[in-house]
Amino acid sequence: MPSVCFYFQVHQPVRLRHYTVFDKNDQYFDDYKNGSICRKVANKCYLPANRLLLDVIRRFEGRFKIAYSVTGLLLEQLQRYSPEVMSTFDALAETGCVEFLAETYYHSLSFLYSHDEFVEQINKHIEAINYFFGQRPRIFRNTELIYNNDLAALIESMKCFDAIITEGADHILGYRSPNFVYQPKGCKNLKLLLKNYSLSDDIAFRFSNRDWPQWPLTADKFSRWVSNVNGNGNVVNLFMDYETFGEHQWEDTGIFDFMRHLPEEILRHPDNDFKTPSEVIQSYGSADTVDVPHIISWADTERDLSAWLGNAMQSNAIHELYRIEKKIKDTNNEKILGDWRKLQASDHFYYMCTKYFADGDVHKYFNPYDSPYDSYINFMNVLDHLHRRCSGQMPGDEFRPAPGNGPTEPLPGSAPDFNNLPDLQPVE
Amino acid sequence: MKVFMLGWEFPPFISGGLGTACYGLTRAMDQLGMEVTFVLPKMVESKYATHVKLLTPGSRTTSSSIKFNELKNVKFHTLSSALQPYTTPDSYERRIEETLRLKQEIHGGSISSASQLITSKDYSNDMYSEVYRYAAMAAELAENEHFDVVHAHDWMTYPAGIAVAAFSGRPLVVHVHSTEFDRSGEHVNQMIYDIEREGMHRADKVITVSHFTRNIIISRYGVSEDKVEVVYNGVKRNGGWSSDETVIDKDEKIVLFLGRITMQKGPEYFLQAAKKVLDVMDNVKFVMAGSGDLMHRSIELAAELGIGQKVLFTGFLLGEDVQKIYKMADLYVMPSVSEPFGIAPLEALDNDVPVIISKQSGVSEVLMHALKVDFWDINEIANKVIAVLKYPPLQMTLRSHGNFEVRRLRWKDAATKCAKIYEEMLVPV
Chain A
0 MPSVCFYFQV HQPVRLRHYT VFDKNDQYFD DYKNGSICRK VANKCYLPAN RLLLDVIRRF
60 EGRFKIAYSV TGLLLEQLQR YSPEVMSTFD ALAETGCVEF LAETYYHSLS FLYSHDEFVE
120 QINKHIEAIN YFFGQRPRIF RNTELIYNND LAALIESMKC FDAIITEGAD HILGYRSPNF
180 VYQPKGCKNL KLLLKNYSLS DDIAFRFSNR DWPQWPLTAD KFSRWVSNVN GNGNVVNLFM
240 DYETFGEHQW EDTGIFDFMR HLPEEILRHP DNDFKTPSEV IQSYGSADTV DVPHIISWAD
300 TERDLSAWLG NAMQSNAIHE LYRIEKKIKD TNNEKILGDW RKLQASDHFY YMCTKYFADG
360 DVHKYFNPYD SPYDSYINFM NVLDHLHRRC SGQMPGDEFR PAPGNGPTEP LPGSAPDFNN
420 LPDLQPVE
Chain B
0 MKVFMLGWEF PPFISGGLGT ACYGLTRAMD QLGMEVTFVL PKMVESKYAT HVKLLTPGSR
60 TTSSSIKFNE LKNVKFHTLS SALQPYTTPD SYERRIEETL RLKQEIHGGS ISSASQLITS
120 KDYSNDMYSE VYRYAAMAAE LAENEHFDVV HAHDWMTYPA GIAVAAFSGR PLVVHVHSTE
180 FDRSGEHVNQ MIYDIEREGM HRADKVITVS HFTRNIIISR YGVSEDKVEV VYNGVKRNGG
240 WSSDETVIDK DEKIVLFLGR ITMQKGPEYF LQAAKKVLDV MDNVKFVMAG SGDLMHRSIE
300 LAAELGIGQK VLFTGFLLGE DVQKIYKMAD LYVMPSVSEP FGIAPLEALD NDVPVIISKQ
360 SGVSEVLMHA LKVDFWDINE IANKVIAVLK YPPLQMTLRS HGNFEVRRLR WKDAATKCAK
420 IYEEMLVPV
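Just so you know, the sequences run in chain order A and B.
Just so we're aligned, residue 0 is where the first sequence starts under numbering that gives the first Met the number 0, counting upward by one.
Just so we're aligned, residue 0 is where the second sequence starts under numbering that gives the first Met the number 0, counting upward by one.
Hints are computed from structural coordinates only; laboratory data are not their basis.
Treat the hints loosely; a few may be bogus.
As the list claims (entries may be wrong) - Lysine-lysine pairs mimicking DSSO-like chemistry, simulated, CA-CA at most 27 Å apart:
(1) B:K1 to B:K419
(2) B:K1 to B:K74
(3) B:K235 to A:K354
(4) A:K23 to B:K284
(5) A:K334 to A:K32
(6) A:K23 to B:K323
(7) A:K32 to B:K358
(8) B:K74 to B:K358
(9) B:K411 to B:K1
(10) A:K354 to A:K123
(11) B:K252 to B:K323
(12) B:K252 to B:K411
(13) B:K284 to B:K226
(14) A:K354 to B:K419
(15) A:K123 to A:K158
As the list claims (entries may be wrong) - Quick list of simulated restraints, FRET-style, between CB atoms:
(16) A:S207 to B:E364: 46 to 56 Å
(17) B:D281 to A:K184: 24 to 34 Å
(18) B:P391 to A:K328: 49 to 59 Å
(19) B:D225 to A:S207: 41 to 51 Å
Said to hold, decoys possible - Chain A regions said to be covered by chain B (calculated; three or more residues, Cβ under 8 Å):
(20) 16-23
(21) 301-309
(22) 373-382
Where is the CB? At the ideal position from N, CA and C, for every residue including glycine.
Could you build all of it, start to finish, from the sequences and the hints given here?
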């Protein structure tokens, strides 16, 4: 009797504006671009998908359930640019069939670099979800489903979560199936929900691919695959980006119709049902413990961190970002802290990825830069300026060209010394 | 496949990318087993005196042949002519005068011996008639040759290509490495434009070195789209193999401009950007390697901007000196206003020097691991120069990916594509 557990990731970063070394103000973000992307995605995805799912939930009177993880960065932008999306999320929350998950408010990789910052961001997100949707999340998902044993231990120590969601990567499961509830190694109470990446990606990536032998994917075909799990698992975890609906898969691929008909096809089989993550862990005990000593994620085929930290630029940028944490926090300046935190969104590092750059592919999606190099340069210029703000040294004068043919001034000494980097490793 | 190829320059007689391209292409064709007869105008010039002796051109209508050991299937013919690439009619005249003067110096001012070698009667006084004289000589030469196709590189050889193709009845390919619009902006020389246009229209196929140039051919020369094919240049790899492991210990970063100092190459944007960089960074030197008609203007501009002490002019560099300058450079900048291809950035990457290239270039179509700028955007050029100099991880990533990327750009592929184009032309329709 497989339960189907849908969870959708809903996120947009706050993109930087073109910021050169000659820029001197603290307007780092491109309000125009962020507003227009937010409104575009709202119209193509968030609004139609929310309305559709609201409709389906009402139609099935409590038998269709879903979960969302909406980042704080997106909540802020929706309030500002697309408040109507906020009211549809609110309506979804009111149905009682929708669970909201917790993550880092800023969709950050902070777990890898600063546990203090990590915990602060989770708490901030819990407060935001509680404020907007009246729920205190009990399930945690980390940015990009990044996970290892240490993360589980840290989350358990927070004492406010029942389970973590992560990728059902083959190399951590071995012969085992992702369709059970597991327990992280070393945890007493915490449970683990693993993404069934095969069935999830059938919807998220392959749905409109005409070269795929299973194309076209229909609701009844997919529900047959789900029912096949019967007897060999308790739950099918379908985790995906919410932008699958209308953005990654355009409306004309039939993705909305698929989603409209899927619940009734799944429920046609009397053994099947839909559950939220919290209901799943209440219904099913843990089948086994899963040991994940090394970090996994849901990205690319490697399921590792290489999409964000795979090259020298990425690792340099993120090291420099977390290196100034104390200075930032010592300023007690909310604006500076907010700017610093917005820079933590994993997207900024994703844009710097050179892995598939030459081929051009999924990494390009929503990418505001022509090249990973441009994104690194832009990020570092902003970071450099931010760093100077917290040194109390307001930039400006030192960048003014020396008058006439006078001597040129060197860069101020307070700039981070990128030539002399101690070996800063991610915290374990 | 036998190819009758008409060119302007060939190593070591080069002044720019064209000679490098002809060398790379013919070498790859040679390796593919294609037979190439390469005809080039060779002015009797003192700079390469030993080589000139080797050629020993007799009368003006006899051609001389030389053979490169490494090129088995390529035969060279040189025709005595004052044709040089990248010349304007003015500089052509100056060159003629200078040659005469040099000859006189070499031979102790003995007018009689100089006149034996060369007299102004041997050389036409204007470049256009020289182009047609070259055409006549090439056609004469072609009579004794057997070949399948005629392949002409850039405008000076188009009339020759047309003539040879007409005499022999073989199809003509014109290979566009640059156009008058690249060289002269909007102030095109009408006669050159007419020669280019006629060559392109009379040709059976037009090969361009980029889509950037293909668009110019289609929009500015009215050539029909299906006739124009893009064959990207390759790069001859020699970087990283040098035994000279001297690490240059220097406190100052070096930003390099390498190319002809002409309007086309955007030297003033390089200098304007240098000024902006120097406003915020001190330990940088800007090196301009090359010569050209804007050299004096550029020296003056550097002085006017107050950065004269930070800008070095090396003059035109060849061979080992080029390798040396690449070894010293931290960054190569090509701010070309209109660059049909641009082989130099590939050579820079091959020598482990990261590059900033103008978006108005053909090479930006094939390079992903390069920083790209609009040539006029001096703020952005400076921004990127500073970033490369300031952030070693950026330099490192650009260098390693770029060097790897360059390996994929091979002359062999260019030669193969040319061969395919020849074969398609030779198939009777």
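Hints and how they fare:
no.: 1; hint: B:K1 to B:K419; result: holds (13 Å)
no.: 2; hint: B:K1 to B:K74; result: holds (11 Å)
no.: 3; hint: B:K235 to A:K354; result: holds (26 Å)
no.: 4; hint: A:K23 to B:K284; result: holds (25 Å)
no.: 5; hint: A:K334 to A:K32; result: holds (21 Å)
no.: 6; hint: A:K23 to B:K323; result: violated (38 Å)
no.: 7; hint: A:K32 to B:K358; result: holds (23 Å)
no.: 8; hint: B:K74 to B:K358; result: violated (37 Å)
no.: 9; hint: B:K411 to B:K1; result: holds (17 Å)
no.: 10; hint: A:K354 to A:K123; result: violated (33 Å)
no.: 11; hint: B:K252 to B:K323; result: holds (15 Å)
no.: 12; hint: B:K252 to B:K411; result: violated (35 Å)
no.: 13; hint: B:K284 to B:K226; result: violated (46 Å)
no.: 14; hint: A:K354 to B:K419; result: violated (33 Å)
no.: 15; hint: A:K123 to A:K158; result: holds (16 Å)
no.: 16; hint: A:S207 to B:E364: 46 to 56 Å; result: violated (29 Å)
no.: 17; hint: B:D281 to A:K184: 24 to 34 Å; result: violated (55 Å)
no.: 18; hint: B:P391 to A:K328: 49 to 59 Å; result: violated (28 Å)
no.: 19; hint: B:D225 to A:S207: 41 to 51 Å; result: violated (33 Å)
no.: 20; hint: 16-23; result: holds (count 3)
no.: 21; hint: 301-309; result: violated (count 0)
no.: 22; hint: 373-382; result: holds (count 5)
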